[in-house]
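Student: Residues per chain, in single letters:
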Amino acid sequence: MFKRKRKGDDAEINLVPFIDLLSVCICFMLLTAVWIQAGVLETKQGLGTESEAKKDTAALWVEIGLNNDLLVSVGGNKAKKRVHVKNLETYASTLKGQYPSMKTALVLPSTSSNYSTMIKAMNSLKKADFPNVGIAPL
Amino acid sequence: MSFKTRKHKKEIGSKQILTPLVDCFAIVLIYLLMATSFGQIEVKIPEGMKLPNATEGITPTGSLVIEVRGQNYLIDGKSVPLPNLSAELKKIADLNPGKSGLIIQADRQMNYGEINPVVIAGLHAGFSELQFAVINDQEKL
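Protein chains in written order, with the numbering used here: chain A, 1 to 138; chain B, 139 to 279.
In case anyone wonders, no lab produced these hints; they're calculated from the structure.
Misleading hints may appear alongside valid ones.
Here are the simulated EDC-like pairs of lysine to aspartate or glutamate, each with C-alpha atoms no more than 20 Å apart in a straight line [unchecked claim]: (1) A/86 <-> B/275; (2) A/103 <-> B/194; (3) A/44 <-> B/267; (4) A/127 <-> B/194; (5) A/103 <-> B/275.
Here are a few chain A residues that sit away from chain B, every Cβ distance over 12 Å (derived from the structure) [as the list claims (entries may be wrong)]: (6) 33; (7) 61; (8) 73; (9) 77; (10) 81; (11) 99; (12) 120.
Here a beta-carbon is modelled for each residue, glycine too, at the ideal position from N, C-alpha and C.
Make the full structure from the sequences, and use the hints.
Tutor: And the structure:
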């Protein structure tokens, strides 16, 4: 009776299979892990008269020119300012200060506009607190 | 007798090494478990495609992925000719009435002219949420 109890006290956990299991788990997770975080830039829009940008008169219009320069205006006004894509966030923030109710921005790309420039423009507008960013289809 | 003592010392030494090893393994395992995303929609980046970088990217909610490769358009991996694109998207939209998100994957070097047919076809098919796939990058923008 006493002998049995002693045996139980001296019993040790065998760590080797435990380490084996852990190392297999780590190998599996390392192989399946995603290191690049993919996300999406969302645009909610409609066609023609459904477009939210048309209802909102004070929308920011960002035209992408032939040399990927941006022409920024408020509500499609004739007075357009040429802005580099890197400076769009600052300029959009300034305009947001002038028109605090302005929530919609419309990106107007052309056929030859670079996709990367368009995404950068959309990203800058979202950063400058324009929650509704739309694209005008050609 | 002296040989026995050496063996005993070796055993103690191996036990001392194992404990921090197990600790390290456990920490790595917990870290990997925490970093793994469960239950989120995964967007697979197609081979040879460089998605544009963005800092304001969000988790995708759209279920349908359309890949733009030059003049080729692939819906969930299946190539669809341009004239049938709108009809095919409409068919999918009708089968999944509650889903309005369309994920568009295109290379950063492309021109918008090549992506525009997808935008128009998607809008005509009733997808009001167009989601442009990007790589969430905080620094390289």
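Student: The structure should be examined with respect to each hint, and the outcome stated for every one.
Tutor: Structure-based check of all given hints:
no., hint, verdict
1, A/86 <-> B/275, "16 Å, holds"
2, A/103 <-> B/194, "16 Å, holds"
3, A/44 <-> B/267, "5 Å, holds"
4, A/127 <-> B/194, "7 Å, holds"
5, A/103 <-> B/275, "25 Å, violated"
6, 33, "6 Å, violated"
7, 61, "16 Å, holds"
8, 73, "19 Å, holds"
9, 77, "23 Å, holds"
10, 81, "21 Å, holds"
11, 99, "21 Å, holds"
12, 120, "7 Å, violated"
Comparing the model with each numbered hint stated earlier shows that hints 5, 6 and 12 do not hold.
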